[in-house]
Structures are given as structure tokens and as C-alpha cells.
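A.B. asks: Chain by chain, the residues run as shown.
There are 2 protein chains.
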Amino acid sequence: MTTPPVIRICLTPALYPIYRDDSSIVVVVDIFRATSAICTALHHGTTAVIPVAAIEEAKNYPGNGYIVAAERGGEVVDGFAYGNSPLSYRNNPDIIGKKLVLTTTNGTQAIYAAKDAAALCVGAFSNITTLTSWLVKQKKDVMILCAGWKNRLNLEDTIFAGALAHLLLDQGFVLDIDRDAALIALTLYEQSKENMNVFLEPSSHRQRLSKLNLEKDIDYCLQWDTTTVVPVLMNGELINIQK
Amino acid sequence: MTTPPVIRICLTPALYPIYRDDSSIVVVVDIFRATSAICTALHHGTTAVIPVAAIEEAKNYPGNGYIVAAERGGEVVDGFAYGNSPLSYRNNPDIIGKKLVLTTTNGTQAIYAAKDAAALCVGAFSNITTLTSWLVKQKKDVMILCAGWKNRLNLEDTIFAGALAHLLLDQGFVLDIDRDAALIALTLYEQSKENMNVFLEPSSHRQRLSKLNLEKDIDYCLQWDTTTVVPVLMNGELINIQK
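Residue numbers (my numbering), protein chains in the order written: chain H, 1 to 243; chain Z, 1001 to 1243.
Hints listed in this document are in silico derivations from the structure and should not be mistaken for laboratory results.
Don't take every hint at face value.
Claimed, not checked - Below 27 Å or equal to it, Euclidean Cα-Cα: the simulated DSS-like pairs (lysine-lysine) are: (1) Z:K1150 <-> H:K140; (2) H:K211 <-> H:K193; (3) H:K150 <-> H:K216; (4) H:K115 <-> Z:K1216; (5) H:K150 <-> Z:K1140; (6) Z:K1193 <-> H:K193; (7) Z:K1216 <-> Z:K1098; (8) Z:K1193 <-> Z:K1137; (9) Z:K1193 <-> Z:K1216; (10) Z:K1150 <-> H:K150; (11) Z:K1137 <-> H:K150.
To be verified - Label-pair ranges, simulated between beta-carbon atoms: (12) H:Y66 <-> Z:E1056: 53 to 59 Å; (13) Z:Q1191 <-> H:N91: 46 to 52 Å; (14) H:P202 <-> Z:T1003: 17 to 23 Å; (15) H:S210 <-> Z:T1003: 21 to 27 Å; (16) H:P202 <-> Z:P1202: 25 to 31 Å; (17) H:Q207 <-> Z:T1003: 16 to 22 Å; (18) H:P93 <-> Z:K1139: 55 to 61 Å; (19) Z:N1197 <-> H:Q138: 55 to 61 Å; (20) H:E190 <-> Z:N1092: 53 to 59 Å; (21) Z:R1090 <-> H:S210: 49 to 55 Å; (22) H:G79 <-> Z:S1023: 35 to 41 Å; (23) H:D78 <-> Z:K1059: 56 to 62 Å.
No residue lacks a Cβ here, since even glycine has one placed at the ideal position from N, Cα and C.
So that you can see chain H by itself, here it is in the shape it has in the complex (with noise of 0.2 Å):
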């Protein structure tokens, strides 16, 4: 008899010292906006995502082969063309064979912060079928990881972990034993799935992506199953492992 794979959920990269464990492979996640943009770009043609922690190591990279991309506070930074806009990487001729360099408020740093990690994938509601296949493959117990907003909990990334954490369950998967942010995640996603946009509405970032006109973005971040790309960090470079 084989012992189950394992779910944890860390609900900020703030706790994520206190959850780590680094023989899982950790799913990062940042719903509103980095992680639906990269499953977007990867899947419209881009060789490969570069995540970045600073604007400054984004600057460095050269135009030529690659595209550089910077959001802070939900916005495009001053001097980029690109932010974390999933809808500006959809059908855009530009970034086909080039690699998107990308530094963003929340997710690269996440991403940054489990780079030890067995395994480091990208999870998005626009992949979370194929990822759930991909990882069930691997036999490994998984870390879902939430960017979170500026380290503090958020409600889309959490009710994605409830939701990518229900169809491991459906897998045989098992919680850990300090089981209870997995149990949150898991009632906020069972109390939202009937209609997400409607239960996000008070939400922070939701809001303040409002105050911003992204309505579109978020409508496209909350769509199921529009990609089978998933992205697994290799020599620092998210690349579509699932051909």
C-alpha cells in the first residue's frame, strides 16, 4: 500500500516559512493577475516566462528576443509596454518566439520565494484541469501557494487553492495534518463556485482592478479551462511542460 499524496495550502508567501516543505512541488498562485498571464502568454506563442523580483533586473534584459513586462499596485509601470494584463498577451503576434520577461506586485515574488522547491508550477483557473491531471502524474505532495496581495490574504487566490485542492481530493489526494487553511480555502471555494464574480465583488483587489476598468481581465482570470499549458520553473524559466 502506497501512502497518499498530500496537500498543504499556505495562504501568503508571508507564512510560507512556517508551511514550507520543500519536497513538495509548490503551485503558485496569483489569480488577479501574474499567474493567469502566464498561462495566457505561454499558451499565444511565448518560449518562456522569466520571473522577476525587481523592476530594475527586468530592465536589464535587451529588446531584442525578449518582451519585458512590470505591474506594481495593479498598474503598468512608467517606461513598460507590458503589465500582468492576461488580455494584452491573447492573440498578440509580438510575443510569439520571444520570451516574456516579467516582474508584478505579488506573484514573481511568490515565485521567487519557492524557488527551492522539488517542482515550482504556475496554477490559473484557465489551466486548472490539466494542471490537476499533471500534477495527480506526478506522485508528489503538493504545496498550493498564494500570492496574496502585499503579503496579506487575498480571496480569489484562496478560493482557487479551495478549488485546485477539491479536484486533487477527487484524486485520491489527501490534507495535511495541520489541515485548516486547506479547510478554509475549501468552504470558500464551495461557497463561491455558483458564481465567483458576484462573491469577489467586495473583495480588495477586486475592487481595486475596478477602479482601474479591468472588468475584462477579471472576467478572463475567472474563466475555467481555456489553456493546457502548464508552466514548471526550469534554470529560472517557466516553460509549457505539458505538450
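Take the given structure of chain H and dock chain Z to it, following the hints.
C.D. replies: Below, chain Z without anything else, positioned relative to chain H:
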């Protein structure tokens, strides 16, 4: 027009440096069982509870005039007569007129973390209605600080935070701009309020306590409004301020 007071929720002491707001009244919560025990002891005749972080510090208090109590991992520490079981303080003549020196795994650590707040009080289901009335009268912002379990989130403190936030919202309080932790707690409360004991069954600490045969403690800690004490920290001692 005056600005309505704000509710903030911090789901574990590890996040307190991020959510911290020293102009707020901090309500420390450790439902299973430190803050429930503190309310019970004050209700049943203890004159003050002195929270201390370390076991060694608790040992320094003389037997005369003090009851010294220590809990770690759910159990009474060797060499101490008391831990954090509320039932051990109920109708117990030994504690009347004495001060209770208490060190616990999570609750007293959370009190220590928030000791520089504008005011610090202790909340439990046992005093939730009286506590709400008292907080309304203070006309200050409120930070609900969950003790959690070894810096992880736990379900029961999150639910209590949601219950208290629900009562305060009814009294004109509003949520903070960064409100997602509060929205999470409110959802958990809504889902669990009809039968908290059943809802909490899969939770980590509920299972930990069941193994230690502490079912009666669990039932007691989930009872609402068994006391009207409001323990407030003054010069390092929790005193009942509600006469």
C-alpha cells in the same frame, strides 16, 4: 459626520507585523482554549490573569496568592497543577481571590505580540455579546488577532473572528480597505454557525483535543454568553473591566 470605526482581522500572530495597527483595540482570540479559560477564571473569582510567554517565567511566581498554570501542545506541563482547560477553573474555590499566572502554546504568545496596542482585551464565545457592547462604547477601530496554532491559521479562531466581526458590523463598524481576511472569516462563520461543533470536526486542533479526551472542554468553549467579563490588559495583568 463621524467616521465609523473599522474592523481588521489578523488570522495568525505571524502576520501581525503586516496587519498591525497600534491605534486599534486588539481582541486576542484563542478559542481552544486560552482565551476561553481566561474568561472562565475571571468569572469564577480569579482577580487577575497574568499572561507570560515562557514556562520558566511562570515558575518564578510564588505559590502564595498565585495559581500557576502552563500548557503546551494541549497538555498540562509537568510540574504544574493547571493548564488551559476552562473547566478546571469553573466553580473552583482554589482560584478565588488569587491571581492566575498562565502560559500557553498560542494564546499567551499572541497577547505578548500585541502588547503595545492602544488597548488589548480577550475574546471568546463565552463573552462575545458583552465584549461587542464594550467595543462599541470605546468608539475605536478594532483588530481581531487570532492566536492560531504555532503561527498557522486555525478554523475555530477564524470562525470566532467572523462571528465578532458580524456583530460589530451590525453595530455600525465597517471593514478595512484590505478586507479579504475579514471576508474569509465572515464566510466561515456563516457556514458554521448552525452547528459549529460538527463543522469543526475535521479541524486540526479539534482532532488534537479529541485524542486528549477534551470533548467537554470543546463543548464548553463553543457556548455563547456564559459570562459578562471583559478581560483587559493593564500593567501586564488581564483584569475584568466590565463590572
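A.B. asks: Confirm or reject each hint.
C.D. replies: Each hint, compared with the structure:
{"no.": "1", "hint": "Z:K1150 <-> H:K140", "in the structure": "25 Å, holds"}
{"no.": "2", "hint": "H:K211 <-> H:K193", "in the structure": "24 Å, holds"}
{"no.": "3", "hint": "H:K150 <-> H:K216", "in the structure": "23 Å, holds"}
{"no.": "4", "hint": "H:K115 <-> Z:K1216", "in the structure": "45 Å, violated"}
{"no.": "5", "hint": "H:K150 <-> Z:K1140", "in the structure": "25 Å, holds"}
{"no.": "6", "hint": "Z:K1193 <-> H:K193", "in the structure": "20 Å, holds"}
{"no.": "7", "hint": "Z:K1216 <-> Z:K1098", "in the structure": "25 Å, holds"}
{"no.": "8", "hint": "Z:K1193 <-> Z:K1137", "in the structure": "26 Å, holds"}
{"no.": "9", "hint": "Z:K1193 <-> Z:K1216", "in the structure": "19 Å, holds"}
{"no.": "10", "hint": "Z:K1150 <-> H:K150", "in the structure": "22 Å, holds"}
{"no.": "11", "hint": "Z:K1137 <-> H:K150", "in the structure": "33 Å, violated"}
{"no.": "12", "hint": "H:Y66 <-> Z:E1056: 53 to 59 Å", "in the structure": "57 Å, holds"}
{"no.": "13", "hint": "Z:Q1191 <-> H:N91: 46 to 52 Å", "in the structure": "41 Å, violated"}
{"no.": "14", "hint": "H:P202 <-> Z:T1003: 17 to 23 Å", "in the structure": "19 Å, holds"}
{"no.": "15", "hint": "H:S210 <-> Z:T1003: 21 to 27 Å", "in the structure": "23 Å, holds"}
{"no.": "16", "hint": "H:P202 <-> Z:P1202: 25 to 31 Å", "in the structure": "27 Å, holds"}
{"no.": "17", "hint": "H:Q207 <-> Z:T1003: 16 to 22 Å", "in the structure": "19 Å, holds"}
{"no.": "18", "hint": "H:P93 <-> Z:K1139: 55 to 61 Å", "in the structure": "59 Å, holds"}
{"no.": "19", "hint": "Z:N1197 <-> H:Q138: 55 to 61 Å", "in the structure": "37 Å, violated"}
{"no.": "20", "hint": "H:E190 <-> Z:N1092: 53 to 59 Å", "in the structure": "42 Å, violated"}
{"no.": "21", "hint": "Z:R1090 <-> H:S210: 49 to 55 Å", "in the structure": "51 Å, holds"}
{"no.": "22", "hint": "H:G79 <-> Z:S1023: 35 to 41 Å", "in the structure": "38 Å, holds"}
{"no.": "23", "hint": "H:D78 <-> Z:K1059: 56 to 62 Å", "in the structure": "59 Å, holds"}
Comparing the model with each numbered hint stated earlier shows that hints 4, 11, 13, 19, 20 do not hold.
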